[in-house]
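Participant: Sequence:
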Amino acid sequence: MTPTTIEMLLKDALLTAQKSGLLKAAPPEAIPLEVPKSDAYGDFATPIALSLSQAEGCPPRKIAQYLTDLCKTSALFESSRIDKIEIAGPGYLNFFLQDAYWHLCLQAIHREGSNYGRAMVGNGKRVQVEFVSANPTGPLHVAHGRAAALGDAIARLLQATGHTVEREYYINDIGGQMALLGQSTYRRYLSLYGRTLPLAPEGYHGAYIADIAKVIREADGDRYLSGPEEAHLTFFTSQSCKILLGWIKRDLEQFGIHFDNFFSEAGLYANNEVASALALLRTKGVLCERDGALWVTTTRLGDDKDRVVVRSNGEHTYFASDIAYHRNKFNRGFDRLINIWGADHHGYVARVKAAVAAMGEDPGRLHILVHQNVSLLRDGKPVPMSKRSGEFVSLKEVISEVGVDAARFFFLMRRSNTALDFDLELAKKTSQENPVYYVQYAHARLCSIMRMAEAAGVKPDSTPDNVTSDVLLLLKFPEECALMKQLALYPSVILGATEALEPHRLTFYLQTLAGLLHRYYFQRRIITDDARLTQARLALVGAVRIVVKTALDLLGVRAPETM
RNA sequence: GCGCCUGUAGCUCAAUGGAUAGAGCAACAGCCUUCUAAGCUGUGGGUUGCAGGUUCGAUCCCUGCCAGGCGCACCA
1 MTPTTIEMLL KDALLTAQKS GLLKAAPPEA IPLEVPKSDA YGDFATPIAL SLSQAEGCPP
61 RKIAQYLTDL CKTSALFESS RIDKIEIAGP GYLNFFLQDA YWHLCLQAIH REGSNYGRAM
121 VGNGKRVQVE FVSANPTGPL HVAHGRAAAL GDAIARLLQA TGHTVEREYY INDIGGQMAL
181 LGQSTYRRYL SLYGRTLPLA PEGYHGAYIA DIAKVIREAD GDRYLSGPEE AHLTFFTSQS
241 CKILLGWIKR DLEQFGIHFD NFFSEAGLYA NNEVASALAL LRTKGVLCER DGALWVTTTR
301 LGDDKDRVVV RSNGEHTYFA SDIAYHRNKF NRGFDRLINI WGADHHGYVA RVKAAVAAMG
361 EDPGRLHILV HQNVSLLRDG KPVPMSKRSG EFVSLKEVIS EVGVDAARFF FLMRRSNTAL
421 DFDLELAKKT SQENPVYYVQ YAHARLCSIM RMAEAAGVKP DSTPDNVTSD VLLLLKFPEE
481 CALMKQLALY PSVILGATEA LEPHRLTFYL QTLAGLLHRY YFQRRIITDD ARLTQARLAL
541 VGAVRIVVKT ALDLLGVRAP ETM
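In this note's numbering, the protein residues as written are 1 to 563.
Keep in mind the hints are simulated off the structure, nothing from the lab. Be aware that a few hints might be false.
Subject to a maximum C-alpha distance of 25 Å in a straight line, what follows is the list of computed DSS-like cross-link-like pairs (lysine-lysine) [to be verified]:
(1) K249 <-> K214
(2) K72 <-> K381
(3) K381 <-> K428
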């Protein structure tokens with residue numbers, strides 16, 4: 001018995017229907033289950049008969065009738081704790097459950113603990129999540145923070161559903177921008193010694209450039225002052241990259257993000273992989289020379305124009321490395337690749353997919369998730385940010401202002417393809433207006449109750465773990481039932497969020513669950529003079545605590561025990 | 001001009017093609033001799049940008065328009 005019994009029952013019924021010829025199609029991957037707005041529509045409902053109607057060419061209510069009959073004759077029905085199934089409206093199946101159903105859910109949560117909601121649907125499939133991958137030409141800023149929170153939460157969701165996950169950061173550590181970085185830090189280095197060689201207008205002007213120059217001065221002193229600029233640029237380029245990468249890694253670690261692999265673009269050239277990938281494209285007949293440059297004819301594969309891979313000056317474009325990089329990824333044998341890109345890269349989706357397809361790989365295994373921008377708000381007004389002038393708010397500043405937990409939670413409060421307004425004032429508030437505090441407070445409050453219960457002498461042999469069903473029968477208030485239902489929903493939220501790559505569903509779920517908990521807390525006392533009732537209520541709120549902590553963990557947000 | 005994303009309550013946003021489109025915030029009115037008031041209760045609030053189309057049924061899919069964001073290099 002698990003909270004997903006209804007899904008299993010329906011799948012079983014659908015399978016039987018298919019075998020016996022009542023239905024043509026196989027059961028879908030996931031059975032849509034919803035909690036109806038009104039209790040009159042049961043505890044759970046599914047519009048599955050409605051959605052199958054079109055494909056089956058059969059009226060929805062008729063399908064609903066089939067499924068109802070098959071459910072009732074299924075071997076699983078006896079143990080499913082279903083009180084009754086009704087066909088309602090256009091063809092909904094409304095499930096009314098016995099109280100015992102919820103009690104079994106609670107016991108399952110206590111039994112499984114932090115494993116509750118985990119699933120094995122991934123079957124150990126290997127998934128790579130590549131995210132952040134910010135160029136090492138400056139510190140991480142807020143938009144990178146969104147990518148970091150998003151990618152890590154998706155990775156955690158995939159792990160929780162039985163996938164083998166690798167987190168990777170791709171480093172653009174070669175090319176024109178890097179050369180510009182080296183030149184910028186070199187000239188700032190000179191200016192530390194009173195020599196002025198003006199920064200190129202297209203160079204990097206941020207204050208951090210001087211910080212890098214100072215680090216180099218600390219380490220090596222004035223030894224790069226003499227000789228021509230050209231003699232020092234290689235060193236300044238590689239050293240600046242190294243220093244910046246160190247800062248980026250430190251910021252990421254502070255943000256709780258750990259990458260399994262940092263993949264160097266320069267390495268692709270060192271290993272001759274770019275040339276080899278281009279050679280592969282040549283054998284596929286998608287390369288051509290035009291105007292002295294080398295192009296990939298991606299137009300034939302869904303892109304809106306052809307793309308240059310080798311410029312007429314002989315230099316490779318970044319697209320050339322991207323092709324080699326994605327070939328390398330596929331060669332590493334991942335079942336699925338997920339790239340998380342900022343909105344400014346959305347124009348690259350078509351060309352990368354086209355190149356992947358041209359190399360004979362399945363572009364369907366490459367999922368490119370594009371997230372929209374983040375604007376910081378202070379006092380309701382946008383904080384001005386301009387990449388060009390080097391005036392932007394770094395991730396580090398945001399974290400030190402609002403904390404890791406608020407930052408991660410806020411980055412995950414919106415669907416990734418909508419622009420995100422990050423309200424700095426709200427993120428710092430310690431009141432119910434601030435969603436992350438609201439949720440964390442629920443956890444702290446529960447921990448406090450547990451401590452009180454212990455102090456009140458709740459016996460060890462009546463801990464929630466082995467609370468018996470007859471004790472749980474004492475949970476009969478509507479708000480208790482609402483909590484149990486929300487808890488029972490958790491596994492399907494995890495599956496849905498993973499499938500859609502939408503961690504924001506978890507932040508919404510948590511806010512709802514926390515709301516139910518706070519309401520319950522104010523309406524009913526948990527620790528009472530009645531020992532059995534106390535046990536039952538502790539079992540309930542204990543399960544809430546487990547789910548809140550587990551869900552926060554998937555978002556990378558701490559669940560504090562006191563606040 | 002072309003492409004992608006977005007348009008839902010005053011604000012910020014949810015809602016797999018399904019039942020009467022939901023939350024939170026803000027506003028207003030209440031609640032602390034009791035487990036954390038960092039909280040709770042109640043009230044009002046909608047032509048889902050506009051116009052068509054597909055469907056038994058559209059916030060969701062298709063077409064056109066309007067508005068905002070982001071792209072549109074032999075830059076990354």
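Participant: Hints the structure violates: just list their numbers, smallest first.
Facilitator: Going through the list in order, the structure violates hint 2 alone and respects the others.
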